[in-house]
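J.: Residues per chain are reported as follows:
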Amino acid sequence: MSEPVSALGGLRYEGFVRVEELPPRGMVTLRGDLGSEGLRRAVRDLTGLDVPDAGGVSQGAEHAVAWMSPDELLLLMPHAAAPEAVTQLQAALAGEHAMAVEVSDARAMFRLTGSGVREVVAKLAPVDMSRAAFRPGMIRRTRVAQVAAALWMPEEDCVELVCFRSVAAYVFGLLKVSAAKGGEVGAGY
Amino acid sequence: MLILTCPCCGVTAEETEFHGGGEAHLTRHGPDSDDDQFHDYLFMRENPRGVHFERWRHVYGCGKWFHAARDTVTLEVFGTYPAQTTEPPQHIREAISARRPGWSWRGLS
Ligand SMILES: [Zn+2]
Numbered sequence: 015m016s017e018p019v020s021a022l023g024g025l026r027y028e029g030f031v032r033v034e035e036l037p038p039r040g041m042v043t044l045r046g047d048l049g050s051e052g053l054r055r056a057v058r059d060l061t062g063l064d065v066p067d068a069g070g071v072s073q074g075a076e077h078a079v080a081w082m083s084p085d086e087l088l089l090l091m092p093h094a095a096a097p098e099a100v101t102q103l104q105a106a107l108a109g110e111h112a113m114a115v116e117v118s119d120a121r122a123m124f125r126l127t128g129s130g131v132r133e134v135v136a137k138l139a140p141v142d143m144s145r146a147a148f149r150p151g152m153i154r155r156t157r158v159a160q161v162a163a164a165l166w167m168p169e170e171d172c173v174e175l176v177c178f179r180s181v182a183a184y185v186f187g188l189l190k191v192s193a194a195k196g197g198e199v200g201a202g203y
Numbered sequence: 863m864l865i866l867t868c869p870c871c872g873v874t875a876e877e878t879e880f881h882g883g884g885e886a887h888l889t890r891h892g893p894d895s896d897d898d899q900f901h902d903y904l905f906m907r908e909n910p911r912g913v914h915f916e917r918w919r920h921v922y923g924c925g926k927w928f929h930a931a932r933d934t935v936t937l938e939v940f941g942t943y944p945a946q947t948t949e950p951p952q953h954i955r956e957a958i959s960a961r962r963p964g965w966s967w968r969g970l971s
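If you read the protein sequences in the order shown, they are chains A and B. Start counting the first sequence at 15; every next residue gets the next number (the working numbering). Start counting the second sequence at 863; every next residue gets the next number (the working numbering).
Because the hints were derived from the structure by calculation, they are not lab data. Each residue gets a CB set at the ideal place from its N, CA and C atoms; glycine is no exception. Any given hint could turn out to be false.
Said to hold, decoys possible - Distance ranges between label pairs, derived from CB positions:
| hint | chain 1 | residue 1 | chain 2 | residue 2 | range |
| --- | --- | --- | --- | --- | --- |
| 1 | B | G912 | A | G62 | 18 to 26 Å |
| 2 | B | Q946 | A | V161 | 35 to 43 Å |
| 3 | A | G62 | B | S895 | 54 to 62 Å |
| 4 | A | Q102 | B | T947 | 32 to 40 Å |
Claimed, not checked - Cross-link-like lysine to any residue pairs, in silico, SDA-like; alpha carbons within 25 Å at most:
| hint | chain 1 | residue 1 | chain 2 | residue 2 |
| --- | --- | --- | --- | --- |
| 5 | A | K137 | B | E877 |
| 6 | B | K926 | A | S180 |
| 7 | B | K926 | A | D64 |
| 8 | B | K926 | A | P66 |
| 9 | A | K137 | B | R962 |
| 10 | A | K137 | B | T874 |
| 11 | B | K926 | A | A159 |
| 12 | B | K926 | A | V161 |
| 13 | B | K926 | A | K190 |
| 14 | B | K926 | A | V181 |
| 15 | B | K926 | A | D67 |
| 16 | A | K137 | B | C871 |
| 17 | B | K926 | A | V115 |
| 18 | A | K190 | A | R125 |
All chains, please: the whole structure from these sequences, using the hints.
T.: Written as C-alpha cells, this is what we have:
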C-alpha cells in the first residue's frame, strides 16, 4: 500500500500568523435526513459525537462532525479509518435514504494559528469574523477569494480550513499573502 | 452591496457567496404548450426598476436553491423564502407592501 501524501507535503509559512498544511485527514461525506434517529445513532456510534445543530461542528479527540447543509455532514477522522467508517455507515444506514462517501483524498486542509487568524480569514472570505459573530463550535462554508472552502475554529486564535485538493496551492498562496508580515489590518477582532 | 440570508442554512452573506438563478416563478411550458406560451417562457422576462422576484443558489455555502424578493434599485431585500413554492408566500407580500405600497409584479400585487 502506498503512503498517503497531502497535496503540498506539509508546507508552512510564518507570517503574522502561522499557516500550515495539515497531514492527510480522513473525511467522509454523509448525506441523508439529519433528523432521523437511525442516522444520528450511526454518527454517534462511529464518532462518539452528536450530530451538531445547523452551522455547528462537534469535536472530539480524534473525530469531528461538521454540519455542511440541511442534509449533509462532513465526518473527520484519522486518515486510515475512513474506508472502514464508510462500510460501517453503509451497514448502519441500510434501508435509509442516505449516502456515505469517502472524500479524504479530494481535500486539502490548513491550520492557521496566532492572534491574527480572524483578520487573515476576513481578508479572503465574505464572513463576519468578529468574536460576536463567529465562535469556536461554528462552521462556515464559504469562498476564499475564488474557490469554495469550509472553515471553523477548534479554539480561539486557531482556524482550520478545508478546500478541494486541486486548489490547495492556490489556497496556500492566498493564506500566505493574507498572513504576510506587514499586512496586519488591525481591525480589532 | 446585496446582502442575502439563505433560508435553508440561515447564513447571511453578501452576494458573492451566492449565484443568481434568474427570474422566479416561471411557468415552464413544455411539449403540450403552444408556440406563444413556449416563446414567452423562453424569452420574456421582467426587468423592473423596483420590486423583483428571483431565484438564488447558496453556491459556496449549503448549495441549496431559494427565492428572494428584493428591490433592483436599492438592493433592499424584502425577504427570502424556500424554493418549493410556485408563488411568493403571504408574509413576503406583506413585507413588500409595508415598504413599497402599491407594488405590482406580473400578476401579483
Ligand atoms: Zn445556505
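J.: For every hint, state whether the structure bears it out.
T.: Going down the list of hints, with the structure as the test:
Separation of G912(B) from G62(A) is about 54 Å and departs from the stated range, judged on CB atoms against 18 to 26 Å. Against the hinted window of 35 to 43 Å, the Cβ-Cβ separation of Q946(B) and V161(A) comes to about 30 Å, which falls outside the hint. Distance hint check for G62(A) and S895(B): the Cβ-Cβ separation is about 56 Å, which falls inside the suggested range of 54 to 62 Å. In this structure the hint that Q102(A) and T947(B) lie 32 to 40 Å apart at CB holds, the actual value being about 39 Å.
A distance of roughly 16 Å separates the Cα atoms of K137(A) and E877(B); the hinted pair therefore holds under the 25 Å criterion. With a CA separation close to 23 Å, the supplied pair K926(B) and S180(A) stays within the 25 Å bound. At roughly 24 Å between alpha-carbon atoms, K926(B) and D64(A) fall within 25 Å of each other, so this suggested pair holds. Of the supplied pair hints, the one linking K926(B) and P66(A) holds, its CA atoms being roughly 19 Å apart against a limit of 25 Å.
A threshold of 25 Å between alpha carbons decides the hint, and for K137(A) with R962(B) the separation of about 36 Å lies outside it, so the pair is violated. A distance of roughly 17 Å separates the Cα atoms of K137(A) and T874(B); the hinted pair therefore holds under the 25 Å criterion. Taking the CA atoms of K926(B) and A159(A), the gap is about 21 Å. The hint holds against a cut of 25 Å. With a CA separation close to 17 Å, the supplied pair K926(B) and V161(A) stays within the 25 Å bound.
For the hint pairing K926(B) with K190(A), the CA-to-CA distance comes to about 31 Å; that exceeds 25 Å, so the pair is violated. Proposed proximity of K926(B) and V181(A) is supported: the alpha carbons are some 23 Å apart, at most 25 Å. At most 25 Å may separate the alpha-carbon atoms for a hinted pair to count; K926(B) and D67(A) meet this at roughly 17 Å. A C-alpha spacing of about 23 Å is found between K137(A) and C871(B), which places the hinted pair at or below 25 Å, so the restraint holds.
Only pairs whose Cα atoms come within 25 Å are accepted, and K926(B) paired with V115(A) is accepted, the gap being roughly 20 Å. Among the hinted pairs, K190(A) with R125(A) is consistent with the structure: their alpha-carbon atoms are about 12 Å apart, no more than 25 Å.
Comparing the model with each numbered hint stated earlier shows that hints 1, 2, 9, 13 do not hold.
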